[in-house]
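Undergrad: Going down the list, the protein sequences come from chains A and B. Residue numbers for the first sequence follow my numbering, beginning at 53 and rising by one. Residue numbers for the second sequence follow my numbering, beginning at 53 and rising by one.
Calculated directly from the structure, the hints in this document are not laboratory data. Bear in mind the structure is a predicted one, so any value in this text is a computation, not a measurement. Think of the CB as a built atom: it goes at the ideal place given N, C-alpha and C, for glycine as much as any other residue. Take the hints with a grain of salt, since some may be wrong.
Label pairs and their calculated CB-CB ranges [claimed, not checked]:
1. A:Ile-236 <-> B:Glu-577: 50 to 60 Å
2. A:Gly-394 <-> B:Asp-444: 54 to 64 Å
3. A:Phe-502 <-> B:Lys-55: 51 to 61 Å
4. B:Ser-507 <-> A:Asp-679: 48 to 58 Å
5. A:Lys-248 <-> B:Pro-624: 42 to 52 Å
6. A:Asp-679 <-> B:Phe-502: 51 to 61 Å
7. B:Lys-331 <-> A:Pro-77: 50 to 60 Å
8. B:Pro-624 <-> A:Lys-331: 51 to 61 Å
9. B:Gly-530 <-> A:Tyr-526: 53 to 63 Å
Spelled out, the chains give:
There are 2 protein chains.
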Amino acid sequence: MKKFDNIKNRFPVNPWDISEKKYNPSDYFTNETLFACANGFIGVRGSFEEGNYLGHSGTYINAFYESNKIEYGEKYVGYPSEGQSMVNVANSIKIEISIDDEILDINKGELIDYNRKLDFRNGILKRKIIWKTQSGKKAEISFNRLVSFENKHLIAQKIEITPLNFDGEITYKSFLDGTIKNYIDEDDPRIDNKFKKSVFKTRELYNDEFMFLNQITKKSGKEYSVGLKESIISKSKYKVKKYKDTDKLYNEYRIKAKKEKTITIEKFSVYYTEMNYLKKQKIEVELEKAFEKGWDYYEKFQKEYLEKFWNDSYIKIDGDDALTQGIRFNMFHLLQSTGKDGYTNIGAKGLTGEGYEGHYFWDTETYVLSFFLYTQPETAKKLLEFRYNTLDAARDRAKEMSHTKGALYPWRTINGYECSSYYPAGTAQYHINADIAFALKQYYQVTDDFDFIKSMGIEILVETARLWEDAGSYNSEGQFCINCVTGPDEYTALINNNYYTNLMAAENLSFASEMVEKIKTESPEIYQELKNKLKLSEEEHFGWEKHAEKMFYPYDEKLKINAQDDSFLSKPIWELDKTPKEKFPLLLNYHPLVLYRYQVIKQADLILAEALLPHKFSDEQVKRDYDYYEKLTTHDSSLSTCIYSIVANRIGYEKEAYEYFINTSRTDLDNYQGNTKDGIHSASMAGTWLGVVMGFGGMKIYNNELHFDPKIPEKWNEYTFKIKFKNRIIKVKVDKTKADYSLEKGEPLTIYNKGNKIELS
Amino acid sequence: MKKFDNIKNRFPVNPWDISEKKYNPSDYFTNETLFACANGFIGVRGSFEEGNYLGHSGTYINAFYESNKIEYGEKYVGYPSEGQSMVNVANSIKIEISIDDEILDINKGELIDYNRKLDFRNGILKRKIIWKTQSGKKAEISFNRLVSFENKHLIAQKIEITPLNFDGEITYKSFLDGTIKNYIDEDDPRIDNKFKKSVFKTRELYNDEFMFLNQITKKSGKEYSVGLKESIISKSKYKVKKYKDTDKLYNEYRIKAKKEKTITIEKFSVYYTEMNYLKKQKIEVELEKAFEKGWDYYEKFQKEYLEKFWNDSYIKIDGDDALTQGIRFNMFHLLQSTGKDGYTNIGAKGLTGEGYEGHYFWDTETYVLSFFLYTQPETAKKLLEFRYNTLDAARDRAKEMSHTKGALYPWRTINGYECSSYYPAGTAQYHINADIAFALKQYYQVTDDFDFIKSMGIEILVETARLWEDAGSYNSEGQFCINCVTGPDEYTALINNNYYTNLMAAENLSFASEMVEKIKTESPEIYQELKNKLKLSEEEHFGWEKHAEKMFYPYDEKLKINAQDDSFLSKPIWELDKTPKEKFPLLLNYHPLVLYRYQVIKQADLILAEALLPHKFSDEQVKRDYDYYEKLTTHDSSLSTCIYSIVANRIGYEKEAYEYFINTSRTDLDNYQGNTKDGIHSASMAGTWLGVVMGFGGMKIYNNELHFDPKIPEKWNEYTFKIKFKNRIIKVKVDKTKADYSLEKGEPLTIYNKGNKIELS
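Looking at chain A on its own, in the form it has when it is part of the complex (with noise of 0.2 Å):
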């Protein structure tokens, strides 16, 4: 296997918070990603209060883009006009401190003591330093951040400056920042560079009672409002002016400070995007909601709801406490990151950077929606509905690419519209279609609700299925077989057959067919209005049947190996242990074209068919299938360890499963991939979690039964872990000899262990 750099911890060992107690300049870009705050809806970079020249400050709405003009050398049709980038929205956290006109600056004058720290158990960053002028004044300042889970449009700041050796003025200002742009890289593909100007046009500006900014953007015409309100707590004098700028307010306080007196400031801003509160009324109210509420409240608030979702979602690795710490990690980004409200997603990058343009990939169906799916199934049901409620954007795209039928899912999208440009590795990604079916009956499997099914599933089931019936076509054998797509792969690129994107576009045709059926029999009024709306006759779906059956699978008879695709065992091997450091990831140093013509592959793509489809596979066949193409795969993505490690757990490769789940479960907390600071992973985040519960608890469903097959990590004592199945919470608790599983809530059930029966009661 891929020999991985050996566990950095970058962070010291503590298993509900990543904490700082140096301030180290290289490290401050990618921990602004890290430290980031967000609740699904608004997310803020861990930047520090006071900025940083190196790094990028950033406040992001899901959800909220600019539209840019796609260029092309060539530009052919079909090709997206307009692609959606996430923009930096104004900051509001900004402040500027300065003791005798000395402005505090972590690089300048003497940083005599820094900790910092964000806690999964409160949700709250906090950074405390003391810092000396240049002129011997010393004073220790903290700041307090949490952006609410209460309130979805607050973030609430609490700072505190203590001068600790003398008396004197302090300057506190308060900003409300609209100059801010988003960040430019011209030399790597992965990040947009459309934005040098700003995007916004300021409409309203406005510094006395409260600071409130209006701007739009100026092609998509988005709208949002801030306001911003502060007050000091304290009882310190002091005077204030208020600003305006040019796009920027701010205010300025001359503070009479005491040594030793405490001057605690208490701020909170609001974001809105909904038409009904862009007004400056509206926000004043929203604001003196806060302000009555005040941080206690909020602080306390994030507690409670942070303990629920700890509950909801446990899990614990005895014996590996960076492993719990990367794993908990993880999952508080992902709650972080993710839209719940049906029109919001959650990013690749999440809400913490703008790598990917803050695009949403198949990486919400084929990796975070599981872990919510068993931790807060209402969050995965909120994530399905945003693909109803983008179905027609689909259409459309179907139509564009000549598709006489169906929806065409988008490669990567904020508004339901495709927005790749580079369509090898990007509208050719077919599998999208199949994926978001596939999370559609993962669903319906683990929480029955065929109520969902019928309201909105059902219709992204018929349209896709329609799709692969239009895209698909029979060879001269009767095989069904999809032509010209690209894989999970992307070292491999225009391929016939698929073996992913085949047998994944079985299960969609087939589970749209089952459910028609279901729907046609239970609840034939349904059916009737569907059979309307859908234009659907009585046989088409016996059709989508059919080409399920026939499907066809590429296999190598002299190697006894599922192959790829039609042509991918026919290539060179790239010889990868030959290929040095410096030149992965690959598609940085090498052009497409050299990496589709070899054996070289940039991400389980076969071997992601077998962890998600075990049972579609024996246990020999994925031992021969890994042994081969484990050998291929650099990795250069980070959704493929958390998928290697799942299939080595299956065939007993103990340590290779061992090695990729730690490389997965710290992939951000250790910077593996090397771009943390553009933002989380956050596939491999909820792979981390795949990893324990389908990896080592080796969960699957299988008849729509719960089946496990646990294996414990010889460096772990034992690990616990809880999930929701259908109505029911099961607690799964693996040791060195046993497992054991118990029922906390709901109706008795029939689980499996090993194939063995288990009646939980």
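Once you've looked at the hints, dock chain B against the given chain A.
TA: Frame of chain A, contents of chain B only:
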């Protein structure tokens, strides 16, 4: 076969010219291309001297381009970052004529008479009009224009104005207009749209004894100077004023005109890009020289030059004047557009328009070069020298594409560096390398010019052979495979073992090896030099031999046809007969993914291999292949029909051969592709000559000897052509009953007619 439109005969059928008796506004834009004058260095579109809002005036200098940044939505390693675009340089033919302050505009006033003719025997574009002002004044105006073959820098004009029914003042203005821009069409991917603003900075502007303009392109820093001088030859009295505007100069003559007295103006302009000639003083000298010689001299020279050309490339079809006209028109334009100095080449659109940005493609080697090779081999040699002079750029490109050795020629270029921005139908067309090697082999076989091989050709052969060695690999059956390339058919991309590519690569490999051996044996000193220069080992070329021998050619046992590539025949067939006419060309109406998913062909691919290397295929095989592939081919590329005509001739499909040939021969004349406004289709023009000589004449080289297998279409009485071969001139005359071969020049030679020896002496 595809149904082509009937012959439109947009011009009167004259075998030696194209002419118009009527001004048709809707033809204006297209006819600017057809009436273009050029000499391989300068090209001037057939725009009216007085301008016309319906078209686009263009003056081009071969290989004179501006760089532009190629934009990509997602940019990957090895993507060209700089494009090159042929630029429209200062317009020096522009004039303005006013009678009574009414400016001549052919779309206004009354056009009493109109005549325009481009004569292939003297290379002069003449236009004569009688125009009546709104106040009833009539004048006859004639415009004569030539782009000189005597002095490649020179454009000469003669303008005559005769008042027919009045005495009075006529204002004549003459311009040197540097405010020109390139043509913009945002909807067509084949047209460059980067230059919305002027690409030039004017460095010098002078108007006294003559006009002088020096401009430099803003990005690439390419500089040119143009001088213009004119003289009113007749005795009419006039006053002149000289003007200098931003980037533009003009002179205004107020001429006292007398009824029926002709005012004659001679006008010369010279364009230079050579460093030593950019100065005003130099330009003045050149203009003086031109004036000493005068219009008549240049007119005479032009005629003599073309007399020789028509004698060298004699071709005549008795019984079909429309075809003769088409063929001669095409040959004339090839002569006009082709660079002859080893540093310039022929663009896909010649020097007649800005389509494809003035880029040189494989069209040169695979189509155009053969015409010159058999008629003016010295020009063919210059075209090959161009590839030698850009070999270093191709070496650089091979490195960029991660090849460990060899050279990879650019798919499209002006300066030798790749500037295709859509690699699946650009860089992936590795066959360009083999096409160049094939042209070298042809050149060598036809001229016996071993010196050229030794001095230049061998380096190209070695480096292209090396590239194939590096790009290819052996499969498990020990066959040499070339994966992930695109063949000539751009409706199929990134496939393995394209038959055409593999076959041409094998030719390249074995010819390179043969020439290395020959040099080794015959010129040991040169061999030593080469060994040092190219780090050539004694054994290296044996490897090439082996790859050529072991080359893999895909074949379908069931259909008994050669397969276009490994996977082509497994795809569903595109139903061309059900595709609405307005959906062609398909690439303007379907996303590439849609096209790639089907058996549908843009242009001759396997069939091209069978046309270029006929002896490699049996007649039966060619017939089966033709029957299969012909039905799938859209001929959306103008490089297709000539090849189908040639192959149809071979297998006795007389009717199809003839129809394909007609389409080819009048592609531009009758605007079959619908985009002649953007420039001629030079490959198709050359394809016409190939269609007669290799198609109907059945000429091929086999075992280094010349074979003919002549056929004659029903409509023709006889046809004649001359070719140069191994320092002979051979005249071939075919009539309904027999073929006559005669040696016009050179030593006796054995040739073959339908396999039977003929001794020419």
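Undergrad: Mind checking the hinted window 42 to 52 Å against the Cβ distance between Lys-248 (chain A) and Pro-624 (chain B)?
TA: 45 Å Cβ-Cβ, so the 42 to 52 Å window holds.
Undergrad: Against the range 51 to 61 Å, how does the distance between the Cβ atoms of Phe-502 (chain A) and Lys-55 (chain B) compare: consistent or not?
TA: Distance hint for Phe-502 (chain A), Lys-55 (chain B) holds at roughly 55 Å.
Undergrad: Tell me if the beta carbons of Gly-394 (chain A) and Asp-444 (chain B) are separated by a distance inside 54 to 64 Å.
TA: Check passed, 59 Å falls within 54 to 64 Å.
Undergrad: Is the distance from the Cβ of Lys-331 (chain B) to the Cβ of Pro-77 (chain A) consistent with 50 to 60 Å?
TA: Given range 50 to 60 Å: holds, Cβ gap about 57 Å.
Undergrad: Quick one: are Ser-507 (chain B) and Asp-679 (chain A) within 48 to 58 Å, going by C-beta?
TA: 54 Å, holds
Undergrad: Please check whether Pro-624 (chain B) and Lys-331 (chain A) have a Cβ separation lying inside 51 to 61 Å.
TA: 57 Å, holds
Undergrad: May I ask you to test the hint 50 to 60 Å on the CB atoms belonging to Ile-236 (chain A) and Glu-577 (chain B)?
TA: This hint holds: roughly 57 Å between Cβ atoms.
Undergrad: Against the range 51 to 61 Å, how does the distance between the Cβ atoms of Asp-679 (chain A) and Phe-502 (chain B) compare: consistent or not?
TA: 55 Å, holds
Undergrad: Given the hint of 53 to 63 Å, is the C-beta distance from Gly-530 (chain B) to Tyr-526 (chain A) inside that range or not?
TA: 33 Å, violated
In this structure, the one hint that does not hold is number 9.
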